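Undergrad: Single-letter residue listing:
Number of protein chains: 2
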Amino acid sequence: MMIRPAMAGDEDRIWAIIEPVLRAGETYALPHDWSRDEALAFWLGAPHSAYIAGDGGRMVGTYYLQPNQRGGGDHVANCGYIVAGDAIGRGVARAMCLHSLDEARAKGFRAMQFNSVVASNSRAVALWQALGFATVGTVPGAFRHPALGDVDALVMHRTL
Amino acid sequence: MMIRPAMAGDEDRIWAIIEPVLRAGETYALPHDWSRDEALAFWLGAPHSAYIAGDGGRMVGTYYLQPNQRGGGDHVANCGYIVAGDAIGRGVARAMCLHSLDEARAKGFRAMQFNSVVASNSRAVALWQALGFATVGTVPGAFRHPALGDVDALVMHRTL
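Chains A and B, in that order, are what the protein sequence lines are. Going by the numbering used here, the first residue of the first sequence is number 1, and it counts up by one from there. Going by the numbering used here, the first residue of the second sequence is number 1, and it counts up by one from there.
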């Protein structure tokens with residue numbers, strides 16, 4: 001798997017990966033009805049650094065890395081990852097997270113924090129735990145799942 | 001105490017209240033070196049609704065209210081409050097928080113969440129607890145306090 005910074009020209013492929021996840025609204029607390037331009041402005045725009053993952057010439061995932069807070073909180077990184085629907089279960093998220101941990105270290109961050117991991121997204125929760133993240137907070141009912149109703153949002157954290 | 005939405009013309013008074021707190025960098029994970037325009041764009045700009053608190057014709061505090069997340073997370077409100085240095089200890093933060101809880105209910109929010117309450121800010125932590133907030137998360141070392149070094153950041157939450 002090859003992971004590199006996103007570049008001009010990647011927009012169509014990134015949109016193809018993230019649009020179904022935004023529309024489904026099951027895992028990200030982001031607007032379901034964002035246009036292509038709104039979504040790409042968020043995913044690729046400051047303060048995000050965006051990356052894409054390719055496998056055999058095909059793009060299978062994308063993630064962004066940013067400071068989780070500013071000022072006295074800017075030593076903690078934050079990321080969001082999305083895997084192409086037909087590439088789920090092939091280690092793409094794991095590879096992207098490991099890549100992001102290295103990138104975050106290289107940028108001088110000392111920890112990584114996820115603010116709102118949807119508790120019903122058990123595949124993600126298990127993967128982050130396997131990669132060293134601890135659940136340091138549970139916000140009751142903070143996410144409205146389209147099928148499950150109110151579900152908890154987890155705060156997950158690890159040092160780098 | 002009178003609390004009302006911030007209006008054009010309030011900028012100088014808001015800046016006078018928030019500048020010392022930003023510069024001190026002890027309680028907010030925001031840039032210490034923001035200019036007046038940068039700080040006011042944040043405090044007063046979308047998606048914030050900003051308010052000011054006055055006491056006897058003098059402005060003693062300001063707060064903002066916003067959705068804490070978007071999409072499936074936009075039923076949870078988030079606020080930030082700053083009290084003028086010489087008005088601390090007179091119930092301004094309590095009055096603003098109670099006002100914000102009413103405002104959030106009126107806007108249809110179902111809960112309120114603070115993402116990064118600096119644990120060393122014991123006055124704030126105690127006040128939020130007294131007003132019904134529970135600590136639902138503790139992020140280790142997530143805030144670099146200028147005097148104390150790395151301190152924990154608390155996630156606090158209450159339903160409305």
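For the record, the hints were derived by calculation from the structure and aren't laboratory data. Don't take each hint at face value.
Chain B is nowhere near these chain A residues, computed Cβ spacing over 12 Å in every case [said to hold, decoys possible]:
{"#": "1", "residue": "54"}
{"#": "2", "residue": "58"}
{"#": "3", "residue": "72"}
{"#": "4", "residue": "98"}
{"#": "5", "residue": "102"}
{"#": "6", "residue": "110"}
{"#": "7", "residue": "118"}
{"#": "8", "residue": "123"}
{"#": "9", "residue": "126"}
{"#": "10", "residue": "150"}
{"#": "11", "residue": "152"}
{"#": "12", "residue": "158"}
For each label pair, taking beta carbons as the anchor points, the in silico distance ranges come out as [stated by the list, open to error]:
{"#": "13", "chain 1": "A", "residue 1": "120", "chain 2": "B", "residue 2": "56", "range": "48 to 54 Å"}
{"#": "14", "chain 1": "A", "residue 1": "146", "chain 2": "B", "residue 2": "102", "range": "27 to 33 Å"}
{"#": "15", "chain 1": "B", "residue 1": "5", "chain 2": "A", "residue 2": "107", "range": "35 to 41 Å"}
{"#": "16", "chain 1": "B", "residue 1": "120", "chain 2": "A", "residue 2": "46", "range": "26 to 32 Å"}
{"#": "17", "chain 1": "B", "residue 1": "131", "chain 2": "A", "residue 2": "107", "range": "33 to 39 Å"}
{"#": "18", "chain 1": "B", "residue 1": "56", "chain 2": "A", "residue 2": "36", "range": "49 to 55 Å"}
Where chain B lies over chain A, by a calculated footprint (3+ residues, C-beta under 8 Å) [claimed, not checked]:
{"#": "19", "stretch": "28–35"}
{"#": "20", "stretch": "62–71"}
{"#": "21", "stretch": "131–141"}
Model, not experiment: these values are computed from the prediction. The beta-carbon is built from N, C-alpha and C at its ideal position, and this holds for glycine as well.
Undergrad: Each hint should be assessed against the structure and marked as holding or not.
TA: Checked hints:
no.: 1; hint: 54; result: holds, 28 Å
no.: 2; hint: 58; result: holds, 28 Å
no.: 3; hint: 72; result: violated, 4 Å
no.: 4; hint: 98; result: holds, 22 Å
no.: 5; hint: 102; result: holds, 21 Å
no.: 6; hint: 110; result: violated, 8 Å
no.: 7; hint: 118; result: violated, 8 Å
no.: 8; hint: 123; result: holds, 18 Å
no.: 9; hint: 126; result: holds, 19 Å
no.: 10; hint: 150; result: violated, 8 Å
no.: 11; hint: 152; result: violated, 9 Å
no.: 12; hint: 158; result: violated, 10 Å
no.: 13; hint: A:120 / B:56: 48 to 54 Å; result: holds, 51 Å
no.: 14; hint: A:146 / B:102: 27 to 33 Å; result: holds, 30 Å
no.: 15; hint: B:5 / A:107: 35 to 41 Å; result: holds, 39 Å
no.: 16; hint: B:120 / A:46: 26 to 32 Å; result: holds, 30 Å
no.: 17; hint: B:131 / A:107: 33 to 39 Å; result: holds, 38 Å
no.: 18; hint: B:56 / A:36: 49 to 55 Å; result: holds, 53 Å
no.: 19; hint: 28–35; result: holds (count 5)
no.: 20; hint: 62–71; result: holds (count 4)
no.: 21; hint: 131–141; result: holds (count 6)
Checked against the numbered hints above, the structure violates hints 3, 6, 7, 10, 11, 12; every other hint is satisfied.
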